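Q: One letter stands for each residue in the lines below.
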Amino acid sequence: MTSDPSAPYTSPFGGGVGAKRRVRGPSSAPSVGQGPLTLTLSPKGEGTLWPHLGKALLSLAAALVMGSAAIAADVRIGYLGLKDDLRYHPEVAYTRIEIAPALNPVEGARLGINDLKIVTDAAGVSLSLDEQQATDAADASAKVAAMAAAGERFVILDLPGDVAREVVAASAALPITLVNATAPQDALRDLCQPNLVHTGASDRMVADTYTQFLRHRNWTKVLILVGNLPRDKEIADAFEASARRLRLDIRDRREFTLSTDPANREANNTLLITGGTDYDVVFIADSLGEYARYLDYATRLPRPVIGATGLTASEWHWSWDRDGATQVTLRFQRLAEGRRLMSGPDWSTWIAAKSIATAYAKARTDDPAKVYEYMRGSRFTIDGSKGYRLNFRPWDGQLRMPMVLATSNAITEAAPFPEFLHQTNELDTLGVDQPESKCKAP
Amino acid sequence: MIDRRTFIGAGAALLATAAAMPAARAKGTGMIFVSTEKGNEVVVLDQSLNLVKRIATSRRPRDMHFNAGKDLLYVACGDDDAIDVIDVATLEVVDSIPTGPSPEVFAFSPDEKIIYVSNEEDSRLEAIDLETRVSIQDIPTGAEPEGVLVMPDGKTAYVTSEVADMVHVVDTTTGAVTKNILVGTRPRRFILTPDQSELWVSCELSSEIFIIDTATNEIKGESLIYVPDGFREEDVTPVGMAVTRDGSKVLISLGRANHVVIVDARSHDVLSYVLVGRRAWSVDLSSDETKAYVANGLSDDITVIDMASMKATVSVPVGRVPHSVVIDD
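Sequence lines, in order, name chains A and B.
1 is the number of the first residue of the first sequence in the numbering used here; add one for each residue after it.
1001 is the number of the first residue of the second sequence in the numbering used here; add one for each residue after it.
Simulated from the structure, these hints should not be mistaken for laboratory data.
As the structure is a computational prediction, the values presented were derived from the model and not from experiment.
We put the beta carbon where it would ideally sit given N, CA and C, even for glycine.
Misleading hints may appear alongside valid ones.
[As the list claims (entries may be wrong)] Some chain B residues near chain A, calculated using beta-carbon distances under 10 Å:
no., residue
1, E1041
2, S1123
3, A1164
All chains should be modelled from the sequences, with the hints used to inform the complete structure.
A: Given below as structure tokens:
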């Protein structure tokens, strides 16, 4: 669409187009839905997505009713991280120069609660975070069970994939919604567990962002480099699956090693590992980033590198300056006391907290089961400051979102790309779509 | 620099309206002012859309309003925390009023003694005494306040919070928020119908227009969603609005759907969808209401709409990221 089309399209007097009126006002809104700020305290939790809800919720709701006439509910939201999470260590060169600061995505969740405070206050709900760190998977499962026993009904999981998987399995029957913010594994999405949603991008969404970009640029010949860690293989597998679907030409997939052992130089020398074949672009799957750091400008052919270095796909980059993104980044920076800029995992925990808070504010009920039902429903819309309205995919609970492709200091492109159309929602061109998913919409 | 791009088939209409313009103009210079967020300038065009001047301003100029006498133009400049003042006769920046961080949208009190400005970064609606330059009220709002509207009696101000999805009702005497009205997602701007009974609010990300009854401050009826042919509801991101003086028509920019919709203000029926530039935002009407001007943020141009035929007649490149258009006529 350009500003000077040769024939401006108009539809005079609405012929066949007409105004679309959606009744979303108080007059005929159902009991769960956006409307004016009247609190309906419902002691019932039937017809919900939670199994085995039982008496815990009844007594919780009863307690809320008895609390105060005007302002009712203190709601604790669990936040569970992992002590010493490898993913968030500061990136440190062996000389102990810090390349990038340590991450602590709980700051994103704190920002989300702060951002929505005025609206949750007005709705009579006071949200706070119960921040905890587990030592391992067993401890994490125990902590989630304890949160549920203490009456918490939502927990944001900031855990690596393997730990998250155990916690999710152990918590299937608990009356608590698990909001997986930072584990990107598609296997978690394939669990189709009713009390589980995901606010970070899946591996496949990240992979589709790269492959749409390659199609968009018509860079179709790809050399894949992959490390020997299981996580590296997951990333490369997701990329390969996506590349196959978009009929990209994978010239080779080669495993790199970090040593400089001359006997193994075909796998560690950047010029040798990128030689012997022609390609438009190199994709590198390197979860630690130590090999990728030395790959830019060091390939046999003068070709761009994407993935762990060069151009990287993420939920967020601080340089996005549209859609109110700058304000989010600056609020985050103030909250983090200037230590660091907002990253992808920070966005995922921010939007997790924001989703829960928005659902509490707008569901017109403080029955947590109905709040969750509203959050998963088609009427739920949330602003992720990326220009699109976001909501959860009904089949697997994955948050729909646009993705950014950024260099170290600028966003080069954002996905979905305009060439990739979809029959219902363009955001569903990223990630596992309904027909391919193992999950069924409720 | 400024060259004219005329739509094929619309040239005749343009010439006809252009010829009719001078007679309709009793006072005012007829100049069109466009603020460009990344150009750090206010671009001035004459009625024939020729470039008159590029006025360098403080950084990131956005919302603009004339004083009642139309001899001064106020421009909120987000990245320098100031509202610049342009002398309309000389086209020079003659003054700069300091504000809180990142001023975006503002409104005057009816007596023009106070400016109410939304400071996007510290989530406040600030009231600044124009004479003393002192901030006399600092009203906390939800995060990212944007649209500001002061009622003609000066007693009530309305401000949106883009993050809290709310309209705050502010008692200007006490500076207190007296009510929060929950609306759609990412509420942006207001218009008040000429009879002052209805306040319309554009909600960018839920594609909705909410109408607030100013007598009760309750949402009136159903929210409205306008979807041009070939677009999906989620493509529609309404922001800017304008209403005719007789209160019969409302223009709403549909953002990413690249159209402006002209609707019957009473029946809410669509009168026309007008294709304009990319990410259409602010809309303003000329005072004789023969033309509307739309700022297209992502195609760096403005589009002129002929209100009689309700068609786009021309788009003119102006500068980087046009934000608002106002007309001195």
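Q: Of the numbered hints stated previously, which ones are contradicted by the structure, given in increasing order?
A: 1
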